[in-house]
Amino acid sequence: AQSVSQHNHHVILSEAASLELGCNYSYGGTVNLFWYVQYPGQHLQLLLKYFSGDPLVKGIKGFEAEFIKSKFSFNLRKPSVQWSDTAEYFCAVNAPGNQFYFGTGTSLTVIP
Amino acid sequence: DAGVIQSPRHEVTEMGQEVTLRCKPISGHNSLFWYRQTMMRGLELLIYFNNNVPIDDSGMPEDRFSAKMPNASFSTLKIQPSEPRDSAVYFCASSLGTGSSPLHFGNGTRLTVT
Numbered sequence: 018a019q020s021v022s023q024h025n026h027h028v029i030l031s032e033a034a035s036l037e038l039g040c041n042y043s044y045g046g047t048v049n050l051f052w053y054v055q056y057p058g059q060h061l062q063l064l065l066k067y068f069s070g071d072p073l074v075k076g077i078k079g080f081e082a083e084f085i086k087s088k089f090s091f092n093l094r095k096p097s098v099q100w101s102d103t104a105e106y107f108c109a110v111n112a113p114g115n116q117f118y119f120g121t122g123t124s125l126t127v128i129p
Numbered sequence: 467d468a469g470v471i472q473s474p475r476h477e478v479t480e481m482g483q484e485v486t487l488r489c490k491p492i493s494g495h496n497s498l499f500w501y502r503q504t505m506m507r508g509l510e511l512l513i514y515f516n517n518n519v520p521i522d523d524s525g526m527p528e529d530r531f532s533a534k535m536p537n538a539s540f541s542t543l544k545i546q547p548s549e550p551r552d553s554a555v556y557f558c559a560s561s562l563g564t565g566s567s568p569l570h571f572g573n574g575t576r577l578t579v580t
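Protein sequences appear in the order of chains F and D.
All letters in the first sequence, in the order written, are residues 18 to 129 by this note's numbering.
All letters in the second sequence, in the order written, are residues 467 to 580 by this note's numbering.
It should be emphasised that the hints constitute simulated quantities derived from the structure, not laboratory data.
Honestly, I wouldn't trust all of these hints.
A few chain D residues facing chain F, derived, Cβ under 7 Å [stated by the list, open to error]:
no.	residue
1	Gly-494
2	Ser-497
3	Gly-508
4	Leu-509
5	Ala-538
6	Phe-540
7	Gly-563
8	Gly-565
9	Ser-566
10	Leu-569
11	Asn-573
Each residue gets a CB set at the ideal place from its N, CA and C atoms; glycine is no exception.
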């Protein structure tokens, strides 16, 4: 079965620190990859997605992610986090059959 | 453009009562998903529909849960009878159904069963 692993369960950073959240998936075929953010008390919102082309994709709010096919990874990055980035971050894979698989999420706390 | 609309936003009910959650997907989207989110288990897929047909309901916890999609613009998730362990936030999401199209989530229904 397909799976998505997010190794960091809880990350605490100071403002202006750089962020990298790991995401690995287990599927050998063509996949579409997504990162979603969930602010406290809100629903999941799309940050960015990859489905083809340049493996480095840029999303909203200064986030970017790099698809490394050989490593089955799609890590999320941001050079300088802000307090307002405090949220839960979910990596997701869409495999053929339109089945979406989500990771368990990474909780990010940014300290002012 | 209206997003995914869920109702109610909050539901508090007593154990044993029937609960019905409602979802209106984005117009033109042909895939609809129901998720449940709790602190303990994270985000769990319950069921998803493609063109109003249930494709995968393996995530539905037990027979107390049922979901329907009578038409392209409406879906319900019903719990009968409800139990305290069903307390969670239930999200509905829709997509265009192509591989690269993302899920669009509703605001969720926070269910509390006492």
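Evaluation of the provided hints:
1. Gly-494: Violated: closest Cβ of chain F sits about 15 Å from D/Gly-494, beyond 7 Å.
2. Ser-497: holds (6 Å)
3. Gly-508: Check passed: Cβ of D/Gly-508 comes within 5 Å of chain F, closer than 7 Å.
4. Leu-509: Holds - the Cβ of D/Leu-509 comes within 7 Å of chain F, reaching about 5 Å at its closest.
5. Ala-538: violated (16 Å)
6. Phe-540: Status violated, d = 19 Å.
7. Gly-563: holds (6 Å)
8. Gly-565: D/Gly-565 check passes; min Cβ-Cβ to chain F is 5 Å, inside 7 Å.
9. Ser-566: At about 4 Å, which falls below the 7 Å cut-off, the nearest Cβ of chain F leaves the hint on D/Ser-566 intact, so it holds.
10. Leu-569: With Cβ-Cβ at 6 Å, under 7 Å, it holds.
11. Asn-573: This hint holds: D/Asn-573 lies near chain F, its Cβ roughly 5 Å from the closest one there, short of 7 Å.
The structure is inconsistent with the numbered hints 1, 5 and 6, although it conforms to all the rest.
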